[in-house]
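Participant: The residues making up each chain are set out below.
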Amino acid sequence: MYAVQIKELCKSYKNSSFTLQITDLSLEAGSIFGLLGPNGAGKTSLLQLLMDIVRPDRGYIEILGHRPFEREKLQAKISYMPENKNLYHNMTVKKMLDYASGIIPGWDNDKALELKNIFPLEGKKRISTLSYGERTQLYAILTFARSAELFILDEPTRGLDPIMQEQMLQLIKEKSWQGKTIIFSSHQLGEIEESVDTLAMLRKGHMVLNGNLDDLKSELFLLKLGKSELSAIPPSTLDIVATHHQHKQSLILCQGGMESRQKLQADFAFLNPENVNIKDIFLLLMENGGEEE
Amino acid sequence: MSLLIKELWDLRWRGTILLFLTLLTGYFVLSNYEWFKTVADIAQITQGLKQAPFLNQLLDMETLNQQLLELFNNIDFYVWSQWFGKNLYQLILLAIIILTFPLFARETEQNTNYFLLSNRTRKQIFLSKILASFFGIFLIIAAGSILPVVIALFHDFNFSLEQALMYGLQLSISSLFLYSVVVFFSITFNDVIKPVIASVIVFVALGLMGKISGMLYLNIYRYMTGVDIFFTSSIQTTAMIVILILALFILMGSWHIFKNKDF
Chain S
1 MYAVQIKELC KSYKNSSFTL QITDLSLEAG SIFGLLGPNG AGKTSLLQLL
51 MDIVRPDRGY IEILGHRPFE REKLQAKISY MPENKNLYHN MTVKKMLDYA
101 SGIIPGWDND KALELKNIFP LEGKKRISTL SYGERTQLYA ILTFARSAEL
151 FILDEPTRGL DPIMQEQMLQ LIKEKSWQGK TIIFSSHQLG EIEESVDTLA
201 MLRKGHMVLN GNLDDLKSEL FLLKLGKSEL SAIPPSTLDI VATHHQHKQS
251 LILCQGGMES RQKLQADFAF LNPENVNIKD IFLLLMENGG EEE
Chain C
1 MSLLIKELWD LRWRGTILLF LTLLTGYFVL SNYEWFKTVA DIAQITQGLK
51 QAPFLNQLLD METLNQQLLE LFNNIDFYVW SQWFGKNLYQ LILLAIIILT
101 FPLFARETEQ NTNYFLLSNR TRKQIFLSKI LASFFGIFLI IAAGSILPVV
151 IALFHDFNFS LEQALMYGLQ LSISSLFLYS VVVFFSITFN DVIKPVIASV
201 IVFVALGLMG KISGMLYLNI YRYMTGVDIF FTSSIQTTAM IVILILALFI
251 LMGSWHIFKN KDF
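Order-wise, the sequence lines are chains S and C. Letter by letter, the first sequence follows residues 1 to 293 of this note's numbering. Letter by letter, the second sequence follows residues 1 to 263 of this note's numbering.
So here's chain C without its partners, still in its complex pose (with noise of 0.2 Å):
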């Protein structure tokens, strides 16, 4: 048993739990758009939103009415709200936090670093755990945004292949920025706890930074929910980028805190 199928042995329960727990939610959501179409009650939602004076003044009730209708009978909108930009964009950050948080922490915690350093170097062991979680993530990212495409399959929907990998592409890079911070926290920290505790603190503050005015490019979960490949089809170009940058140099910052820590 190599270092990495050990570390991806020691994440399979974890990983599977999240991919079952992924699929059976997305099988529930998509499979089930007939049934939402039947219960989502389009007057009642048109006379919540006579209450926007914002919105009487762009358009009449008629349109907005009649607009809220398509929206309703399109599949997409569908899937890229209800399922990309609520329940898995949510279970893949449940996915980077409890695949990440113990990958060094936990070693340190329970002394078994030892037994690592004194027979690898020290670059092997961050390669093999950082790969290895990755990996877990990614595979969670890849059958989630597969998903409508196949369900597509079984029933009476289409959804375009190109739409669900530009998808997985935004949210892998997007995640790969977040799992960073969950790596680096578990290599900073000598215990379990922290990481969580720290990567809850800085997904829910950026989230918070996304929501001032002028700052709402750093809001990470507009790029993990994919709204802006619904509305262009195309990816945010600058902004993967950008977060992708950001990720490697946070991943370089661990691997150099990981190379000179004492343990």
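Pulled out of the complex, with its shape left as it was, chain S reads as follows (with noise of 0.2 Å):
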């Protein structure tokens, strides 16, 4: 079952060349889903489309089973963490808190109570006056303490500490494991890597790949050549999905699972595929490019 799909999706806007266009994306439910992708390249443009905060030029977008725009019907259902997360400025953290108790849908005092132990911040404080990570923070009360299906978080972690950082992805973790879909962006490689079941890779407004990130990980392999060893291979014989050439060597992620590995060092001596992980993949993606879908 699908907790998001997305088709031949088109988003354009006024006064600005950026497009984000996705032919075709399907997220399973109960897993976590991450987005990666440089600034600019379309991620929060595509949360907030699956939040109907802005509407799409076409295309065609499923969330848990209704259309983004049913809001009624999803409401309950959904919680999001912006990227921006700016609250009422002239509120105390207490306030803001109260308010949010009386307008979230689905929201658990206990939970709040809880999650305001894992973020302790001073009730009595201004919301004007709180750090970009303490209102993360407060955010992220408001964003789990209560009962959704999916989460959808636009940068959860930045401007938090490690700690922080580190109680977030728990929680995140604590609510794949209750059965929630999750769905983040990030800049950091690293928490994707740790925390997610599949990823997508926006580049320019289009999704240069997508998948099973152990799937990607079986599926892709690294090759670092010099100059004469790149050479010798005629270029039929890899699958090539990104390359960038340094001074003296060349860096290229090739497709193919084991057997391709085998077969390749089998003709080509030399060559030593290696395992990628998602900062090799992501490196060579946005620097090269990549194939767009």
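Simulated from the structure, these hints should not be mistaken for laboratory data. Idealized CB from N, CA, C, for every residue including glycine. A hint or two may mislead.
Simulated pairs of lysine-lysine, BS3-like, Cα-Cα distance not exceeding 25 Å [claimed, not checked]: (1) C:Lys194 to S:Lys14; (2) C:Lys123 to C:Lys194; (3) S:Lys73 to C:Lys123; (4) C:Lys37 to C:Lys86; (5) S:Lys77 to C:Lys123.
Non-contacting residues of chain C with respect to chain S, defined by C-beta distances greater than 12 Å in every case (computed) [stated by the list, open to error]: (6) Tyr33; (7) Val39; (8) Leu59; (9) Met61; (10) Phe154.
Quick one: dock chain against chain with the hints and give me the complex.
Facilitator: In structure tokens, the structure reads:
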């Protein structure tokens, strides 16, 4: 069962050349989905489209069996942490939590108290005096102190110190263990690698990679070749996903399972296919451009 | 705290100050009627009116003098000219702008609308905002309209409750029209300065259009001052229906924009 399905989605903005285009994306219910991409890639736009904060030019989005504009049916099922974590500057933390308890559907006071212990914020402090990290902590309380089936988190750890980042990731995992679906965007490649089941990478509004993290890791490998080694291999031998040429060495991201790797090594003894991590994939795809869907 | 209560909570200082200002101004204007009569120099006014050839053709000076004295001794004329027709409607214009311009624009400017939009439907947000702010404006209108009746209880004059209610209704409908204009700008613009500037321009333009011969009916301030109620003792029903329809039309347009807006 899918929590989110997107088909032929297109969103452009006035006074901007940026266009988000996603042909096909489906997210399994109960999974943790990571969204990666450089600044301006379209991560926030995609999450805002899911939340009906912006409307698509065309395309189909289904979220928990409903269209995003069916907010009445969805508002109790989705919890959202936006990229911009601004809240009412004139309110104190206590007042904000009191207000949130009145308007957030499915608010759980016990859970809020529990979260206040994890993210200890002074109740009397005005929101205008909170640092970005503290506002993120307050938003974390607002986001997780409620019952929801889907949690959409836009850079949830940005501005947090390493301890709080860890607490946030723990919360995300806890929600996942409870069977909730999590979508989160981040620039922290490490936390994505540690947490997600599936991921997508966006670049300039296009999805350049999408899939199960373990599958991607097993299907992709990295070759580090010198100029002479590179010229010794016929181009058709490799299923190249992305390349990056440095001064003396070329980094080549290739597609192929264990069999392909073994065959390559048998044919070209000097080759040493290496396992990839998200950082390798991200840097190669983003620097190189990658194939666009 | 519900969405509606929060909106009212947001308006608490601005609303209280405006209400206090209205009551204070009203108190000073209305309770100083006797003093006003003593300072008004009828002879000097008559002398000034002698310079108007049009008046001289219509009335002889003696009749004019007599009628002026009658008017100055008439509390109704004083209330309509000095309170309803002057200070109160100007305070209401101020209240409409001050209580309405940041309604939607501030949420957009400060990016707090993400919190609202992710937890409530656009319809709930729109309704709670416009109900709360118009409630604030209506409260000031009601207080200002009833004030002459209340102050009359403590002074040596009477003022008709019926007239006060008629004026309150006409002022409420006229204000709803101007209010809908400010709501429209608050939704359309993404910062809090532009709605204020645009509203002031429209408010001034409406006044100027009403001065053009044959377009007097466009002068919304004529209805806000209640001058017709003073002369005819009745509400301008047709004009009020037209204004109400226009106000609702603008509010529906604002809703349409808000419903489809990208934030």
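Participant: Tell me the numbers of any earlier hints that the structure contravenes, in ascending order.
Facilitator: none
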